[in-house]
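There are 2 protein chains.
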Amino acid sequence: MPQSLSSPLAQSRSPSPATPTMTRPLTIAIVGATGAVGAELIACLERRAFPVGELRLFASPRSAGKTLTFRGAPVMIQALEETSFAGVDVAFFSAGASLSRHYGPLAVAAGAWVVDNSSAFRMDADTPLVVPEVNGWRLGETPGRLVANPNCVAAIAAVVLAPLHARRLIVRLVGSTYQAASGAGAAAMAELRDATAAALAGETYAPQVMAHPYAFNLFSHDAGIDPETGYNGEELKVMAELRRLLGAADLPASFTCIRVPVLRAHAMALTVRFAEPVSVDDARAWLAEAPGVRLVDDREANHFPMPGEASGRDDVLVGRIRTDLSDPSGRSLSLFIAGDQLLKGAALNAVQIAESLVEAGQV
Amino acid sequence: MPQSLSSPLAQSRSPSPATPTMTRPLTIAIVGATGAVGAELIACLERRAFPVGELRLFASPRSAGKTLTFRGAPVMIQALEETSFAGVDVAFFSAGASLSRHYGPLAVAAGAWVVDNSSAFRMDADTPLVVPEVNGWRLGETPGRLVANPNCVAAIAAVVLAPLHARRLIVRLVGSTYQAASGAGAAAMAELRDATAAALAGETYAPQVMAHPYAFNLFSHDAGIDPETGYNGEELKVMAELRRLLGAADLPASFTCIRVPVLRAHAMALTVRFAEPVSVDDARAWLAEAPGVRLVDDREANHFPMPGEASGRDDVLVGRIRTDLSDPSGRSLSLFIAGDQLLKGAALNAVQIAESLVEAGQV
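Going down the list, the protein sequences come from chains P and W. Residue numbers 0 to 362, in numbering that gives the first Met the number 0, belong to the letters of the first sequence in order. Residue numbers 0 to 362, in numbering that gives the first Met the number 0, belong to the letters of the second sequence in order.
Keep in mind the hints are simulated off the structure, nothing from the lab. One thing to keep in mind: the hints can contain errors.
Said to hold, decoys possible - Short, incomplete list of chain W residues facing chain P, as computed with Cβ under 7 Å:
| id | residue |
| --- | --- |
| 1 | HIS101 |
| 2 | VAL170 |
| 3 | TYR204 |
| 4 | ALA205 |
| 5 | PHE218 |
| 6 | GLY229 |
| 7 | ALA247 |
| 8 | PRO251 |
| 9 | VAL259 |
| 10 | VAL261 |
| 11 | ALA268 |
| 12 | ARG283 |
| 13 | TRP285 |
| 14 | PRO306 |
| 15 | ASP323 |
Stated by the list, open to error - Covered stretches of chain P (in silico footprint by chain W; criterion: 3 or more residues with CB under 8 Å from a CB of chain W, positions within the stretch not fixed):
| id | stretch |
| --- | --- |
| 16 | 186-200 |
| 17 | 216-223 |
All residues carry an ideal CB built from backbone N, CA and C; glycine is no exception.
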C-alpha cells in the first residue's frame with residue numbers, strides 16, 4: 000500500500016491538490032458533462048489545478064457540438080461512443096447507473112481509471128467505495144481500476160462519522176436528512192426556482208421533474224419503497240454505503256431521507272450511539288482536527304451548520320454536538336451537519352479520489 | 000369528570016364543533032388578534048360555528064382602531080387594558096409569554112376562561128396542558144380556569160404518539176423537526192417570501208426577522224442554547240411538554256429543531272421505541288382510527304405527509320411507518336408526520352379546548 004494512502008488521521012487537514020509539475024499531463028474524460036455534477040467536476044479540476052492535459056467532455060447526443068469552458072478555453076461536447084476512451088487516463092462518470100454499467104468496463108478495458116459517481120458499482124465487492132479522508136487506503140487495493148464514488152448523503156456523513164468511529168466504536172446510527180434539489184440534478188434545481196417564483200407570483204406550477212410540488216414544500220425522497228422494510232431506495236443506499244465506508248458491516252442504522260426546498264447543500268441530524276461514553280469535548284476535539292471537517296458549533300451566537308454556508312465549500316460543517324438525552328446510558332451523541340451535495344457529495348470527492356491515485360503513482 | 004371529556008379513544012374521529020343552539024352566545028376575546036395565530040383563531044371560530052355572541056379583538060396600540068372581519072362584519076381592534084376582560088367568557092391569548100403572565104390572571108379574575116397559546120403556564124403544575132384528543136379529560140380537573148395550549152411541535156407530535164402510547168408504552172423518543180416559518184410569526188412568513196423573491200432576482204436581502212438568511216436555506220431553531228445540555232429552548236420545551244401530554248414524566252427524549260423554508264406546516268421524523276414490539280400493521284390500524292390523525296402512507300405512489308398537504312388541514316398527517324432497522328430488538332418504529340402549525344399547532348387546538356369546555360358545560 001502506498002504511503003500516501005495511509006490512515007486518514009495521518010493525512011493533512013485538507014488533502015492537497017496534486018502538483019501539476021509532479022506528474023505528466025493527463026487525459027481526462029467526463030461522462031455527463033452537462034449535468035449539475037459534470038459542471039462541478041470541470042470546476043473542481045480547474046480550481047484544484049489537477050494535471051489535465053486533454054479534457055474530453057461527453058454528454059447525450061442532443062448536447063454534442065455545444066461547448067463548455069475549461070481554463071478559459073472552449074471544449075466541444077462529444078457524443079459518447081464505445082471507442083471514446085482510447086488514451087484516457089481517468090474517466091469520471093456521472094450520467095446514471097445504466098450508462099456506467101455499460102461504458103465503465105469499456106473505459107477500464109481501454110486503459111483508463113474510472114471514478115464512477117453512479118450507484119452501479121458501489122456495493123460490488125471488488126470495487127472500492129471511497130471517501131479519501133475516510134478509507135483512501137482502499138485505493139491501494141483495487142484490482143480493477145474502477146472506483147465508486149459514494150451516494151452524496153453517505154459521503155457527507157462518513158467524513159464526520161469516521162473520525163469518531165476511529166476513536167470509539169459506533170454501534171447505532173439514526174439519521175434524518177434535509178436533502179437539497181441538486182441531488183436530483185440541474186433540472187430539479189431549476190424546478191425549485193421556477194415553482195417558487197410561480198408560488199410567489201400566485202401562479203400555479205405543475206411539477207415536471209419532482210413528483211410533488213416543491214415550492215415551500217418538502218417530501219420523502221422519491222426513490223422507490225422497498226416493500227419488505229418500508230425504507231426507500233435512497234435510505235437503503237445510505238445505510239449500506241455508510242457500513243462499507245466505516246468498515247462496520249453489521250452497524251444497525253436507520254435513515255429517513257427527505258427532500259427540502261434548498262438548492263445545493265444537504266443537511267442531516269444524526270444520533271450516534273457508541274460502544275462506550277464519548278464526551279462532547281472529546282468529540283469536538285476529534286472533529287476539529289479531522290480532515291474535510293469544519294466545526295461550526297457556536298452555542299452563544301446560535302451559529303451552526305447551514306446549507307447556505309456549506310454551499311460552495313469543500314469541508315463538511317458539523318455542530319449542535321451534544322449528549323443525546325434520549326439515551327440514558329450517556330453513550331449517544333446528537334450532531335447536525337451540512338455539506339455541499341455537488342462538492343463533497345459528488346464532484347469534489349471524485350476529483351480527490353483521482354488526486355489520491357495520482358499522488359500514489361497509480362495513474 | 001364530565002362524560003364528554005372521557006378518554007380520547009372514545010371520542011369521535013373529528014371532535015365535532017359545539018352546536019350553537021346548545022349554548023348561549025359567548026363573549027370571546029382574542030389577545031394578539033393581528034398575528035398569524037390570531038388570524039387563524041378568528042377563522043377557526045367562524046369555520047367551526049363556535050357560539051360567539053361578541054368578539055373582542057386586542058392587539059398592540061399601533062393596531063388599535065383598525066378592523067378585522069368576522070362573519071362578514073368588521074370588528075374594531077382595541078388596545079388591551081387591565082379592565083378589558085369584564086364579561087368575557089373565553090379569552091384566547093396569543094401575544095407572548097410575558098403578556099400572558101400579566102393579563103392572563105386578570106382575565107381569570109374577571110371571570111373568563113383563558114386558553115393561553117404562550118409558554119407562560121405550560122409547565123405550571125396547576126395548569127392543564129391540553130390537546131383534546133390526547134388528554135382532554137384534564138379539562139375536568141382544572142381549578143383555575145386557565146388552560147395552556149402546547150408548543151406547536153409538541154401538539155402535533157402528541158396527536159400521533161398518544162394513540163400508540165395508549166396501546167404500547169413508549170420508552171424512548173427521538174425527533175428531528177422540519178419547522179415552518181409560521182412558528183416564528185407572520186413577519187417570519189413575510190421574510191421567507193421576501194428573501195426568496197430577492198434570491199430569485201439575484202438581489203441581496205439582509206435578514207430582519209430571522210437570525211440567518213432564509214431563502215433556500217435552513218438552520219437550527221433560534222431559541223437560546225442551554226449551556227448545560229446543549230439543547231435549545233425549543234427542543235427542551237418540546238421534550239418536556241410531550242412528557243406532560245403523554246403522562247410519561249420520565250420518558251427519555253431528544254429533539255433536534257430545525258427551521259426550514261416552508262411557510263406554515265411543520266413536519267418531523269420520529270423514532271419511537273416501545274416497551275414491547277409493535278407491528279407496522281398494528282400501528283397503522285391504531286393511527287387510522289385515532290382522532291385528529293390522517294394516515295398518508297401510500298408506498299406504491301410514494302405519497303407521504305408533506306407540509307403542502309398539511310397546510311390548512313385540521314388533521315395531522317402520518318406516514319413512512321416502518322420498523323426502525325437501527326434497533327435490533329425490533330421494538331422501534333420510524334414515522335414521518337406533518338401538521339399545520341397554525342391550526343393543530345396553535346389556533347385549532349385552542350378552539351378545540353374551548354369547544355370541549357363548552358360541551359362539558361364548564362363555560
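| message | For the restraint on TYR204 (chain W), tell me whether the closest CB of chain P is nearer than 7 Å. | response | Constraint on TYR204 (chain W) not satisfied, violated at 12 Å.
| request: Grab the minimum C-beta distance from TRP285 (chain W) to chain P and call the hint holds if it beats 7 Å, violated otherwise. | output: violated, 16 Å
| said: Please check whether VAL259 (chain W) passes as an interface residue: C-beta within 7 Å of a C-beta belonging to chain P. | reply: For VAL259 (chain W), the interface hint holds, since the closest Cβ of chain P sits about 6 Å away, which is under 7 Å.
| field | Restraint check, 7 Å cut-off on beta carbons, for ALA247 (chain W) near chain P | value | Result: violated, 12 Å to nearest chain P Cβ.
| said: So is the stretch 216-223 of chain P in contact with chain W by the C-beta rule, three or more residues under 8 Å, or is the coverage claim wrong? | reply: holds (count 6)
| message | Does the closest beta carbon of chain P sit nearer than 7 Å to the beta carbon of ASP323 (chain W)? | response | holds, 5 Å
| message | Next item in the hint list is ALA268 (chain W). Is there a CB on chain P closer than 7 Å to its CB? | response | holds, 4 Å
| query | Under a C-beta cut-off of less than 8 Å, do 3 or more residues of the stretch 186-200 of chain P approach chain W closely enough to confirm the stated coverage? | reply | holds (count 5)
| field | Hinted contact VAL261 (chain W) with chain P - closest CB pair below 7 Å | value | Since chain P brings a Cβ to about 5 Å from VAL261 (chain W), closer than 7 Å, the hint holds.
| Evaluation of the interface hint that places GLY229 (chain W) against chain P, nearest CB under 7 Å | The hint holds - GLY229 (chain W) has a Cβ within 7 Å of chain P, the shortest such distance being about 3 Å.
| task | Verify the interface restraint on HIS101 (chain W): the C-beta must sit less than 7 Å from at least one C-beta of chain P. | result | Constraint on HIS101 (chain W) not satisfied, violated at 28 Å.
| Holds or violated: is there a CB of chain P closer than 7 Å to the CB of PHE218 (chain W)? | Result: holds, 5 Å to nearest chain P Cβ.
Going through the hint list in order, the structure does not satisfy hints 1, 2, 3, 4, 7, 12 and 13.
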